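Based on these hints, arrange chain B on the given structure of chain A.
Sequence order for the protein chains is A and B. Going by the numbering used here, the letters in the first sequence line up with residues 1 to 252, in that order. Going by the numbering used here, the letters in the second sequence line up with residues 1 to 252, in that order.
In short, the hints are calculated from the structure, not lab data.
When chains are identical, the list treats them as one kind, so a pair holds in a single copy or across two.
Think about it this way: if two alpha-carbon atoms lie no more than 30 Å apart in a straight line, the pair counts; the simulated DSBU-like pairs of lysine-lysine are:
no., residue 1, residue 2
1, K180, K5
2, K146, K5
3, K12, K231
4, K5, K231
5, K180, K12
6, K199, K76
For clarity, every value in this text was computed on a predicted model and none was experimentally measured.
There are 2 protein chains.
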Amino acid sequence: MDLPKVEIIGVKGIPIIGEGDDLASLIVEAVERMGLNLRDGDILVVSQIVVSKSEGRVRKLEEYKPSRFAEEIARKSGKDPRHVEAILQSSKRIVRMRDGLLICEAVGGHICANAGVDLSNAGIGRVALLPEDPDLSARRIRERIKELAGVDVAVIISDTHGRPLRRGSINVAIGCSGLKPILDRRGERDLYGRTLRSKMICVADELASAAELVIGQADEGIPVAIIRGYKFERGEEPASTIPRSERDDLFL
Amino acid sequence: MDLPKVEIIGVKGIPIIGEGDDLASLIVEAVERMGLNLRDGDILVVSQIVVSKSEGRVRKLEEYKPSRFAEEIARKSGKDPRHVEAILQSSKRIVRMRDGLLICEAVGGHICANAGVDLSNAGIGRVALLPEDPDLSARRIRERIKELAGVDVAVIISDTHGRPLRRGSINVAIGCSGLKPILDRRGERDLYGRTLRSKMICVADELASAAELVIGQADEGIPVAIIRGYKFERGEEPASTIPRSERDDLFL
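Just chain A, same shape as in the assembly (with noise of 0.2 Å):
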């Protein structure tokens, strides 16, 4: 019997990533060092800090120098004044602040904490910060696999966001290549029959979400999983289509 299965494999044994490394190049050389081959169709969910720091992205904290502002926010957070000014600096917008905590609309229009500045595995005296463009890293991250693999991956670059209203943080996507993030189900039936009225599913952020069950295992130094058996719907829309604009967004 055909099982209707979805299989999530971790990715093992990419070594720690520095400025320049070919990532894509690293991924399919684990990937057969674990006995496998990428095939097409699968949806390869990278996290985000390992493209940051391929790319370059992370810097030393004392090349900032902290404005008067960015020192007043450091002094009610208990943050390091450098790390808050390098949040300023990648913010396009401050959504929320309150007691030192800080609400920013990122890159591609992601809202998220610090701007997704991070100083978690970014290195001592360091702070990643996002790829300039995700959707534009996760194309090339695909390119390149076709290139040396030959097959079509689609490929979801993932960071870890809290939200409203619920507590924890899950993973989204923030970059995506070769697959419609928002899969459109308005028309289609439902059991009776009756056409779903709305049903716009973010496969996008489910995708990435169900990759951190294997990448969210820190320690073992998981930095990317495969998604094989999942039937997506192609498309080149990035994944900076999902953010709403403030105008549509009825909970705010």
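Relative to chain A, chain B alone:
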């Protein structure tokens, strides 16, 4: 080589559920007909609609006598006024209301459109309410499965929710039993030995989203998924601990 792998298996062959059906038993039978067995440590994600049906939470629209308030909202939104009345009666609080769209606090504190009261898959002229206590529903299914199959699975009741900031709905957990819905990774260390500052991950929501990759194929009628190979922390915290308190919500 031992692959870090998580499998998501759709449970096929579950009949259309009616009031009083022993859902756990139908799941166990369907799994067996697929040539599989449930195992200790499996996570069973069950779509809210089949839980609601088995618990007799489907109502005829004609049972609802719309208030004038419901009529007014119906006029603006194009909804059936009896559907609106059902929504209002199921709401603990109206969080946002605009152009006839309703964002409500539903059972367990979960905030979603229409208080989760849905016409889809309810049957013609009918409306499906959420389970009265989805955490209790999850626990009952879990205990019944232990009774029937002798295995300890974790159970998540999932629902599809729109959300602020990002377009497209995703699946989240509105009920759970047997696993900690939020994983607290504060105090763990990153690749460079730096302590992770804040890392609370809502694994219950990520698992619900992962399950949607097989449940979401509506035409296949797959209301249940098995997630296998994910190492979770056991616990008894309910999914009603996931919604943030208003005071605690920096986003709003």
